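A.B. asks: All chains, please: the whole structure from these sequences, using the hints.
When the letters of the sequence shown are read in order and numbered with our numbering, they come out as residues 631 to 1493.
Honestly, I wouldn't trust all of these hints.
[Unchecked claim] With a straight-line Cα cutoff of 25 Å, these simulated SDA-like cross-link-like pairs (lysine to any residue) come out: (1) LYS922 <-> SER727; (2) LYS1032 <-> ASN1004; (3) LYS1116 <-> LEU1036; (4) LYS1354 <-> ASP712; (5) LYS1019 <-> SER1102; (6) LYS1032 <-> GLU1078; (7) LYS950 <-> ASN1134; (8) LYS1116 <-> ASN1004; (9) LYS1032 <-> LEU748; (10) LYS803 <-> ALA696.
Read the hints as simulated data drawn from the structure, not as lab findings.
None of the values given here were measured: they were computed from a predicted structure.
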Amino acid sequence: MSKTNQLSGAIRFALLAAATSTFAAAPAFAQEEEEAATLETVEVTGSRIKRADIEGALPVTVISRAQIDASGDVSVAEFLRDTTFNSTGSFRPQSGSSAQAGAEISLRGLGASRTLVLVDGRRAPKSPFTGNSADLNSIPLAAVERIEILSDGASAIYGSDAIGGVVNIITRKDYSGVQFTYGMGTPSYEGGETEEASLIMGISGDRGTLLAGVGMSSRGMVFTRERPWGTTPGASTYGNNYRLLNGAETGYTTGFLPVPGGCTDPGFYISPNNGRCVFNFNLVAADEAEIKNHSAFARGEFDINDNWSTYLSTTVSRVKSFGRYAPDLGALYVPIDSPNNPTYDPVAGTGTNSAILYHRFAALGNRDTYIDSNVYDVMFGFQGRLFDKVDVDFGVRQSEFKYFELGRNYVIQTLAEQAIADGSYDIYNPGANSADVLNGMKATINRESTWTTREVFGLATFDVFEMSGGASMMAVGFEYRDEDYKDLYDSLQEAGLTPGSAGNSAAGGRDITALYAEWVMPITSNFEVSLAARYEDYSDYGSDLAPKIAARWQPLDNLTIRASYGQGFAAPTLDILTQKDAFSADTVFDPATCLAYGDYPGAAGLAGRTPAEYCAEEGGLNGVQIDAYRKANPNLGSEQSDQYSIGVAWDPTDWLNITLDYYNITIEDRIAFFSSQTLVNIDIGQDPLNRPFPGAPCSLTRDPLDGNAIDTIENCYFNQGEIKTDGADLKIRTNFDFGGWGNLMSQLDVGWLNSQTVDGGPNSVGNLGVPEFRATLMNQWNINDFSFNWNMRHIDENGRASSQTLHDLQANWSAPWNGRITIGVTNVENELPELIAYGSRNFNFNLYDAYGRTPYIRYTQEF
631 MSKTNQLSGA IRFALLAAAT STFAAAPAFA QEEEEAATLE TVEVTGSRIK
681 RADIEGALPV TVISRAQIDA SGDVSVAEFL RDTTFNSTGS FRPQSGSSAQ
731 AGAEISLRGL GASRTLVLVD GRRAPKSPFT GNSADLNSIP LAAVERIEIL
781 SDGASAIYGS DAIGGVVNII TRKDYSGVQF TYGMGTPSYE GGETEEASLI
831 MGISGDRGTL LAGVGMSSRG MVFTRERPWG TTPGASTYGN NYRLLNGAET
881 GYTTGFLPVP GGCTDPGFYI SPNNGRCVFN FNLVAADEAE IKNHSAFARG
931 EFDINDNWST YLSTTVSRVK SFGRYAPDLG ALYVPIDSPN NPTYDPVAGT
981 GTNSAILYHR FAALGNRDTY IDSNVYDVMF GFQGRLFDKV DVDFGVRQSE
1031 FKYFELGRNY VIQTLAEQAI ADGSYDIYNP GANSADVLNG MKATINREST
1081 WTTREVFGLA TFDVFEMSGG ASMMAVGFEY RDEDYKDLYD SLQEAGLTPG
1131 SAGNSAAGGR DITALYAEWV MPITSNFEVS LAARYEDYSD YGSDLAPKIA
1181 ARWQPLDNLT IRASYGQGFA APTLDILTQK DAFSADTVFD PATCLAYGDY
1231 PGAAGLAGRT PAEYCAEEGG LNGVQIDAYR KANPNLGSEQ SDQYSIGVAW
1281 DPTDWLNITL DYYNITIEDR IAFFSSQTLV NIDIGQDPLN RPFPGAPCSL
1331 TRDPLDGNAI DTIENCYFNQ GEIKTDGADL KIRTNFDFGG WGNLMSQLDV
1381 GWLNSQTVDG GPNSVGNLGV PEFRATLMNQ WNINDFSFNW NMRHIDENGR
1431 ASSQTLHDLQ ANWSAPWNGR ITIGVTNVEN ELPELIAYGS RNFNFNLYDA
1481 YGRTPYIRYT QEF
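C.D. replies: Here's what the structure looks like:
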């Protein structure tokens, strides 16, 4: 049976169960009015023209506050990570990462930099520690009223980055009274505990409203040792091993050998597999970093008169994070006459060979990273009506994202090599080294980053003329943004002197001027066409124009057919346009370099081949380190996209609604990074994608006086290649009224990824990390003062990873004193991800989590 048939069978069974059972539940959606049809009337993201339609020309998913509360999640990031539009998963907090505190969303699997995140229709500030995407952890969940996801390209409306789609987070505005919420969750395994609290206050009068609130949420650190796989000792060769160099110091004469007597400190052991002295990093390292968010927010609106009002909104959000990684490490040169050289003879005062030491500096302590990031956002504006015909909205906004990072117990390689060379640091008994010696080679590193946006905006909407289907409406607007960015590492990291953490500073700024227009034309009462275009001029790289056309046809009252075609763009980000040149000693495999440096085995390893034949076939034995430099490319242009979609929305009965939307996206001139080995492969004609060699500043220089071996390589980002992807989204919603037995609602969402290719390569769908299907089935049963929820989250098999389906349960009681008690369990069956290495982790952090079964409680009181 095919995967498609299996899934469709599961869908049929799940819907039947939801329709016939007397108990069902799910974190899905707010209860509708009994007499309302399933299709809701909403003002959708994707249009600047404010109007309400049953089903618009663009596919928009509206997620209510009730849905979010019913999920059991405590942050915006956690909720969005599980949506079916997040096709291949997205980054979340990880110890040991340069973006430890961050969380992203990647619609359609196209990357976070191609997904636009808005807050109340305006761009969320980009996180300065990535420089290319918004940090969802900085958006306080307590402030959120609903989330709208436009699963279609929207550069014609919103500009750059909206290739994969748009996530618009709408904050609370209209609330009267006081609401207090507190909740906590405790996973069945240690680590990953959650806590949430909020206080919301709102008042309203004849001429205005005011809402203010504070909130906090947190998730505890998850140590590797607290999960089943953490009981198996990790085995890093960077324990306490050495390799002897040949006389010319161009290659090795031995494999990895343990330092005699130097493998007895806690965490070190001799591997039974290879006899090396390895370090058990699972003993001390954390998989997931601790995250705490504290926020305060307020919004006020005041009616100046019957036609004009003013508004002010502000948000302050602080995210603190703590991460722990295993102690620092390094590959260090040990001279021939060092007392720490394993071949050293104290009588002769020298040894036979110099060596490279692969060492874990456990005596320095664990690498601990403390992060403090703060977002300050304020917006002030006016809304009104001119000439009794034109509705206007204009204002100013400033947002500032400040990020501070402090890392403790990092080794300075040059000082460590000096202490090892002169014998003041004892590699044979590392734990016995004095505090003075240890303090003399370690550093506290830091990083300071800022992203500041200043914005002026204006919008006018008005009726143009009457048409057969009603009034033709138009919106025209402008935006001006000034962006300043800096991401500054300390001098030690910039120079690459701390092997456990290196960084490349970047800083710059730009201003963007945008003009846009949207025109809706109701040709007939059941056929509508909308046109949109946006022009953006960037002070650094140039300008772009993004047009779009969409149509909506409603041949029957309960049937809507929609389609759209548009072009989009993603501007090159400031982090790669402004980065400083950075040196790196990269290891490459290259036939000419292999032969010139003797990077081939002895006769037995050659197996009858000549060294030249071996190098031509294998590229080298261990690889050769060459000088490489990462260069900024100030001539980068934007990525360009062409995309179209076609869909249908069918409401055959008052209890059933079905929508199905197909999308197709092509991205050209993609901004790609060319690594040293990739440039080597292109240069020697062995690139699997047959790409041409990119232009400046990428380069590869060979030395004709040294057998044409590689001399230097300059890496860079360059506009070259394309990405193609297509798929479909299915949504089925049911709503059953059982009279005295209550109301049962169900919602099935399925995201199907049909194909995804890069630079004409093979289809990656089905490979590890790229599931063909993601699905959620959500059910909610409401009866009197009780509601019960049941949610299923499905990730299809991908590569060697089997499919995973998680079940979440929740029960709610609305108490007569205006209180609400919630008890729930996520991941009822306590499933953990399969241990299949992905990136540098032992499972795919983007798609899965390791929290296990997590019971939680929440209490809400309204006054």
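A.B. asks: Each hint needs a verdict: does it hold in this structure or not?
C.D. replies: Status of each hint after checking the structure:
| no. | hint | verdict |
| --- | --- | --- |
| 1 | LYS922 <-> SER727 | holds, 17 Å |
| 2 | LYS1032 <-> ASN1004 | holds, 5 Å |
| 3 | LYS1116 <-> LEU1036 | holds, 17 Å |
| 4 | LYS1354 <-> ASP712 | holds, 23 Å |
| 5 | LYS1019 <-> SER1102 | holds, 13 Å |
| 6 | LYS1032 <-> GLU1078 | holds, 8 Å |
| 7 | LYS950 <-> ASN1134 | holds, 23 Å |
| 8 | LYS1116 <-> ASN1004 | holds, 15 Å |
| 9 | LYS1032 <-> LEU748 | holds, 19 Å |
| 10 | LYS803 <-> ALA696 | holds, 16 Å |
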